[in-house]
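Each protein sequence line maps, in turn, to chains A and B. Quick note on the working numbering: the first sequence kicks off at 1 and runs consecutively. Quick note on the working numbering: the second sequence kicks off at 1 and runs consecutively.
What the hints contain is simulated information worked out from the structure, not anything from laboratory work. Mixed in with the good hints, there may be bad ones.
Claimed, not checked - Here are the simulated BS3-like cross-link-like pairs (lysine-lysine), alpha carbons at most 27 Å apart as the crow flies:
#1 A/20 / A/147
#2 B/162 / B/81
#3 B/81 / A/81
#4 B/208 / A/81
#5 B/34 / B/258
#6 A/20 / A/221
#7 B/208 / A/97
#8 B/34 / A/81
#9 B/34 / B/166
#10 B/81 / A/20
#11 A/97 / A/81
#12 A/108 / B/208
#13 A/97 / B/162
#14 B/162 / A/108
#15 B/166 / A/81
#16 A/107 / B/162
#17 A/108 / A/97
#18 A/81 / B/258
Stated by the list, open to error - Covered stretches of chain B, as calculated for chain A (at least 3 residues, CB under 8 Å):
#19 143-149
#20 154-165
Values in this document were obtained by computation on a predicted structure and should not be read as measured data. Even glycine gets a Cβ: it sits at the ideal position worked out from N, Cα and C.
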Amino acid sequence: MNQNPILRVEDLSVTIEREKILENISFTVMPGDVVALIGPNGAGKTVLLRSLLGLMPYRGGVHWSPDAIIGYVPQRYNIGKSVPLTVREFFLLHERKFIFAGLGADKKIMESLALVNMPAGVLGERLGNLSGGELQRVLIAWALYDKPNILLFDEPTAGVDVSGEETIYNLLHSLQDRFGITIILVSHELNVVFRYATQVLCLNKTLVCSGEPETVLTPEKLASLYGEPTHYHHMHNIKEVASGLNKAG
Amino acid sequence: MATEFLASNISLSLAAGLAVAMAAGALGVFMVLKNMSLVSDALSHVALPGIALGILLGINPFFGAFTFLFAAVFFILAIEKRTSLPIDAIVGVLFTASLAAGILLTPEPELLEALFGDLTSITPLGAALTILLSLGVVLAAILISRPLMFTIVAPDLGHVAKLRTKSSYLLFLIMLALVVALGVKFVGTILMGTLTIIPAAAAKNVAKTFYQFMAASILFAALSVVLGMVAVYYAGILAGPAVILAGVAIFLSTLVFKRS
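Chain B on its own, in the form it takes in the complex (with noise of 0.2 Å):
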């Protein structure tokens, strides 16, 4: 049945999901180059208490997901000003006891895709604006990725050049918050972020330039969502997981080619 289904609707949400996914591995490009891996994966599981408030409202659940993790975004913003914190340890706690609150608050018929995704529910119309919102992500990232570079590589060098690097990164982190938010309908709460890491981490062991970093990360993200679906297509195994092992697959066969 579910099958069946996903058939029908194949090319809808694989577009999607593909869109989605080159988004995040447009974005994964700077958490990487930020050494931010385990913000990202952990800020996916802030979206759970987000959608499960959602689903208990009555509200569409994107929102609430969207909500929790724009509010999550500005809690990291915070703590790096104070650098004296240890920021791994107070992100990992906070957002995975996110994680299980959200677990309990979640009612359980809808737990299961919540935490691992379900492209198979996807109306014609949250395709279409997950498409959209997605594309432009992918825009903005490449647009804004000279100041973001500033904020990475060169921070004081980019103060002197006189360019907006701090407004940039709110930015950038609103389009993460936007992209995990889109993205949780796919792959799910827990392994939302790694779709953000997987990716990017496989193109840095390619790419000797920034272009082709940038350009690797989008098309390996784009690779893990067409061999996920094939694996959901032949084996009817669950999406979410199925994209990111696709994704753990392409990092594996990178590592041959690692540059030392």
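So that you can see chain A by itself, here it is in the shape it has in the complex (with noise of 0.2 Å):
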């Protein structure tokens, strides 16, 4: 594997009003691996997404190899419901020419919403009618759309029902079979991070553990993690899931 990475943190600590919120946060990203974020709530997640993104300020390194084509799902999206923009306007801000743009633009956004088995009626919909899951689905479409290598996906069930929770996965497990686009997600489902991932990140505020879910997501790793209540409702999941794999192999 001579492989360079796509993505490599060095030391990156985030403070927010003389808050820590990250500290000394390091690992590196390969193509074609599955990422996950895990830890509880005000871990600092989406945090150091955000921080890959240049969304917020940081110190430390945040290198991204030179071909890195970024595609970003953000965790909430609102959009009033009056708002004159429709799916497929939102996808032409993609283009220099915004509502002028040509034919071509239009052919790229029925190829990017059938990835996401979305159907082209939606084109002429007001972004803000769509159901919670339908947005969620634009908006990976809305990702897709200039073939990024890798994709930064802030919990992609939040809002969406079960069923569609599972669909919202599969898909991005399809998306990475069919083009081996590198995932990092941040995601509060322990049975989907065991299930897909290939590199969990524990985090809160500092990197408690990092490796392949199997080693990672032992009770003892996850207790000091979550600490003791929620310890066993993961653990739950997880005993679920392994009983359900068995049962499939």
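Quick one: dock chain against chain with the hints and give me the complex.
What follows is the structure, given as structure tokens:
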């Protein structure tokens, strides 16, 4: 493996109003990795993702490979129902000519929507009229528009029902299979992490642990990361997944 | 007398009024989307002390108005950074205070014109410059609509797309100051802010796409001026209130077609 890392983070620290949110975080992401960021609420997962994108000030180094094309799906995205902006126009924000972009842009939009199994009929809809699940798919398609080789994904399941959640992860998985896209995702769903991630980063202000899911997601490490009360809940999930995988196997 | 004068200059005044209204309509789209209607309305009041100083110092009141509006724009930027403060209240209080101060400062003979505008007093050169600058603003507003829409609907995504969203927003506010300064000549300091809001609010009622929104806002603004001027010509009423009321009439009729 002589590949260069797509992302190298060195000693990253973030302080907001004198409160230390992240301290001395270092890790490396190789092309094709699926990196899961886990940790309790307030651990700094979203802050880490936003720092990687340059959306907030930090100390330390964030080194993206020169050929990295970044796609980003934010945690929360709200747009008013009354905003006159169609799904098509939302995609056209990618184009320099915006609403005056040519037909080539429409073809690209269709391709992106097809990747997330959205019908072309949604193009003329107002963005604000989409359901939570539809909006999330459109956001993923939007992030995929410029054919990124790394996708940053903040809590893909926030605001989506369970069946929708399942398909979002299947979708991520198929993207990874088909295009080998590198993925960094923030997730609360340990079962999903267990199933899909190649690397897990446990975050609680500092990097508590990191490695492959099998080695990181142990009862002891999870207990130290989440504390006792949630520990049982999460372990319950893990056991379920493990038994499910056994049955499937 | 006034009617005769107006009739002789009707094409020039109308063209300048149309151009400045269209520019206001184009910028209004973003004001309405950003929920800055009140800010825009109150902003125009800041022009009055500027006009007063211009008159008192014997310079063109436009420059006084623009200087004050320009300063107000940076004031808006500064308080927007501190989101913990209630922007509406601060803008409302300070900008209305400047209106009050302006009323006291403005010499009485010029007060009515400063408050409500007088498009009969525009010179041919002034009209030509107004048309040129206003059409420039319309064009620029369309050109920077992409980064502006990013700042409004998806600021983070715009940053990831490496767009200069901050400088486009600054340019937008400066253009707003310019258009308000140009427009006070026509509709006055009290009503100019409204001219940026009413056409856009009406357009939002009927538009489904951003393209339609922009087009309808510019069109409704122009239509307000035409209808208002017709009323001025036939009824001999003040142009500023006539234009604004025409805009209100358009707004009310779009409510019938309002999309749920």
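How the hints compare with the structure:
The hinted pair formed by residue 20 of chain A and residue 147 of chain A fails the criterion: a straight-line CA distance of about 35 Å is larger than 27 Å. A threshold of 27 Å between alpha carbons decides the hint, and for residue 162 of chain B with residue 81 of chain B the separation of about 21 Å falls inside it, so the pair holds. Only pairs whose Cα atoms come within 27 Å are accepted, and residue 81 of chain B paired with residue 81 of chain A is accepted, the gap being roughly 26 Å. Restraint check for residue 208 of chain B and residue 81 of chain A: satisfied, since their Cα atoms lie roughly 11 Å apart, inside the 27 Å limit.
Of the supplied pair hints, the one linking residue 34 of chain B and residue 258 of chain B holds, its CA atoms being roughly 20 Å apart against a limit of 27 Å. Note on residue 20 of chain A and residue 221 of chain A: the hinted pairing holds, with a Cα-Cα distance of about 23 Å set against a maximum of 27 Å. Between residue 208 of chain B and residue 97 of chain A the alpha-carbon distance is near 20 Å, which keeps this suggested pair within the 27 Å criterion. A distance of roughly 14 Å separates the Cα atoms of residue 34 of chain B and residue 81 of chain A; the hinted pair therefore holds under the 27 Å criterion.
For the hint linking residue 34 of chain B to residue 166 of chain B, the alpha-carbon distance of about 14 Å falls within 27 Å, and the restraint holds. For the suggested pair residue 81 of chain B and residue 20 of chain A, the alpha carbons sit about 22 Å apart, so the restraint of at most 27 Å is met. Among the hinted pairs, residue 97 of chain A with residue 81 of chain A is consistent with the structure: their alpha-carbon atoms are about 25 Å apart, no more than 27 Å. Under the criterion of a C-alpha separation no larger than 27 Å, the hint pairing residue 108 of chain A with residue 208 of chain B is consistent with the structure, at around 22 Å.
Among the hinted pairs, residue 97 of chain A with residue 162 of chain B is consistent with the structure: their alpha-carbon atoms are about 15 Å apart, no more than 27 Å. Proposed proximity of residue 162 of chain B and residue 108 of chain A is supported: the alpha carbons are some 20 Å apart, at most 27 Å. Between residue 166 of chain B and residue 81 of chain A the CA atoms are separated by roughly 25 Å; this keeps the pair inside 27 Å, and the hint holds. Our distance criterion of 27 Å between C-alpha atoms is met by residue 107 of chain A and residue 162 of chain B, whose separation comes to about 23 Å.
Straight-line distance between C-alpha atoms of residue 108 of chain A and residue 97 of chain A comes to about 15 Å, which keeps the hinted pair within the 27 Å bound. Among the hinted pairs, residue 81 of chain A with residue 258 of chain B is consistent with the structure: their alpha-carbon atoms are about 13 Å apart, no more than 27 Å. With 3 residues carrying a beta carbon less than 8 Å from a beta carbon of chain A, the segment 143-149 of chain B meets the three-residue requirement, and the given coverage holds. Only residues whose beta carbon comes within less than 8 Å of a beta carbon in chain A count, and the segment 154-165 of chain B has 7; three or more means the coverage holds.
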